[in-house]
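Participant: Using the sequences plus the hints, can you model the full thing?
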Amino acid sequence: MGRIEQIHSLLCKKDISCRELTEEYLNAIQRDNPELFAYVTVTAQEALTAADKIDRQIAQGGDIGMLSGVPMSIKDNISTRGIRTTCCSKMLADYTPVYDASVWSKLKNSGAVLLGKANMDEFAMGSTGENSCFGASSNPYNTALVSGGSSGGSAVSVSANLAVYSLGTDTGGSVRQPASFCGVVGLKPTYGAVSRYGLVAFASSLDQIGPMASTVEDVSLVFDSIAGGDVLDSTCNRDYKPDTYKTLKDDIKGRTVGIIRQFADNNSISPEVKSSMNEAVKTFEDLGAKVIMVDIPEILRSVPVYCVISCAEASSNLARFDGIRYGYRAQGDFMSIHQLICKSRSEGFGKEVKRRIMMGTNVLSSDKCSFYYDKARALRQALSNEFSRAFSQCDVIIAPTAPTPAFVKNRVVADPTVLYMEDMCTVCTNLASLPAVSLPCGYSAQGLPIGMQIIGDKFSESLILNMAYKFQQATDFMRTSDWGVKL
Amino acid sequence: MITREEINNIALLSKLFVAENEMESFRTDMEQMMQFAQCVADADTANINTDDTASSSPMRQDKIGTSLTVQEALANTDASCDGYFVVKKNG
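Residue numbers (this note's numbering), protein chains in the order written: chain A, 1 to 487; chain B, 488 to 578.
Read the hints as simulated data drawn from the structure, not as lab findings.
Note that beta-carbon positions come from the ideal geometry of N, C-alpha and C, so glycine has one too.
Some hints could be false.
Heads up, incomplete: computed chain B residues facing chain A, CB under 7 Å, no partners named [to be verified]:
{"id": "1", "residue": "497"}
{"id": "2", "residue": "501"}
{"id": "3", "residue": "502"}
{"id": "4", "residue": "535"}
{"id": "5", "residue": "537"}
{"id": "6", "residue": "554"}
{"id": "7", "residue": "557"}
{"id": "8", "residue": "570"}
{"id": "9", "residue": "574"}
Facilitator: Structure (structure tokens):
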């Protein structure tokens with residue numbers, strides 16, 4: 001049984017009130033957050049008000065939904081009306097949205113209890129959780145290690161039992177990689193499966209909001225609640241109404257699982273990760289699946305392609321931050337509006353964000369666009385074509401989520417692109433608009449979690465979560481944490 | 488090799504200032520990032536059809552609906568006056 005179902009049962013049987021449950025979480029956050037820094041804003045008052053409302057519903061004998069009264073967190077780039085939404089940037093440190101993101105509206109209507117906003121890499125740019133203007137989140141398995149990113153705070157909040165589930169965002173692996181580093185489950189949905197309305201955009205053709213939780217069942221329940229059409233996001237598929245929970249326990253006997261030759265042969269992937277993947281292959285075979293090798297050569301070029309496309313889109317999206325309508329405004333006497341905007345942006349954005357904006361501006365400039373941006377788009381299409389061919393041979397593809405387990409904080413790298421390669425296993429699915437779920441598939445010699453992705457064809461969340469559930473049930477990689485709330 | 492002049496030009500287009508003490512670091516970072524992306528520029532993409540990457544968005548009727556109030560629109564600015572955003576006058 002997943003944690004959400006467990007809490008639902010406790011609330012319905014009146015074994016615990018929603019207020020008591022929420023207070024447990026708030027107390028745990030007060031105790032553990034200074035060390036882990038999962039949250040940048042704690043919404044205690046709002047959480048207790050929501051909890052009291054659920055308790056009244058239960059007292060009146062009303063039925064409550066599965067997500068009603070379940071305490072959760074939201075990454076701080078998803079708009080929450082009246083609650084500051086900072087993107088962990090000095091640029092938005094005092095910004096309070098006047099509207100809700102569609103995902104939050106849906107969850108609020110389902111009775112969700114928001115505990116607070118989760119720490120993240122500034123504007124979702126980073127894969128360590130260290131690029132936050134408020135300070136880095138820490139890995140619950142070892143606080144000297146990175147949480148992963150950019151949805152680092154979300155992963156930590158779930159891993160350390162400081163939230164039952166969280167919403168993260170994934171542009172190039174930002175849900176899956178921190179999920180892998182912190183030993184939790186994270187889903188990057190198909191592009192267009194979940195509304196992006198109210199998400200502060202980084203790269204609009206790649207961004208997706210996805211759930212993170214400690215079990216596949218929980219991720220499935222949250223995904224079913226947030227997925228589906230939205231008139232406020234024209235890229236959101238209006239005909240998609242998934243019910244992944246219903247098919248979670250289906251038999252997977254006879255399914256074909258692909259493994260990517262270009263990762264199997266890759267020296268950048270650590271031996272420990274490869275060994276866990278080999279074990280995972282055996283588990284799927286034991287479950288009755290057939291395993292085959294598939295070729296996706298373009299995957300080797302996917303990080304540079306991603307770098308060009310995501311930076312180009314970021315340079316355009318982040319042009320809106322002018323310091324005038326909202327966001328950080330530089331102080332002083334300026335000669336022109338141009339000077340005011342440049343100064344505000346230069347002081348408000350952190351270094352990684354400025355680096356990516358400038359890279360994006362450069363590759364979109366008239367003399368370079370046809371060499372970089374246009375070709376990157378073509379290579380993205382070639383990658384998609386290769387995935388389509390692979391899915392004509394297999395039902396799902398499995399791959400490592402990250403080339404290594406979590407590493408130490410403050411790693412000194414002279415070249416920014418070294419850290420970009422941390423995303424070498426994940427960016428391909430964003431470029432090809434595919435869904436992928438990451439779940440624990442082993443532990444390193446140091447006891448650190450290792451994650452595996454199950455990648456599916458577009459809008460096949462039901463199948464990949466079904467495969468993930470069966471794998472979870474057949475293995476014992478879900479660990480309980482010493483941190484946070486003990487249920 | 489990316490020059491300081493090129494960095495200043497990119498910064499100007501990006502509406503950013505690069506301070507003198509940050510110049511060398513931004514210049515080398517940009518050089519490394521462009522080097523990283525060189526395999527994209529070197530790729531032969533002539534035979535890849537990108538027409539099917541474009542998909543059409545559903546259209547909606549153009550109807551007047553509710554929007555932000557002036558007060559909401561101004562809620563996050565540091566400088567407003569008489570219901571307007573305050574900007575620096577050019578010139």
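Participant: Could you run down the list of hints and mark each one as holding or not?
Facilitator: Hint by hint, here is what the structure shows:
no., hint, verdict
1, 497, "holds, 5 Å"
2, 501, "holds, 4 Å"
3, 502, "holds, 5 Å"
4, 535, "holds, 4 Å"
5, 537, "holds, 5 Å"
6, 554, "violated, 10 Å"
7, 557, "violated, 11 Å"
8, 570, "violated, 13 Å"
9, 574, "holds, 5 Å"
This entry does not satisfy hints 6, 7, 8, going by the numbered hints stated previously.
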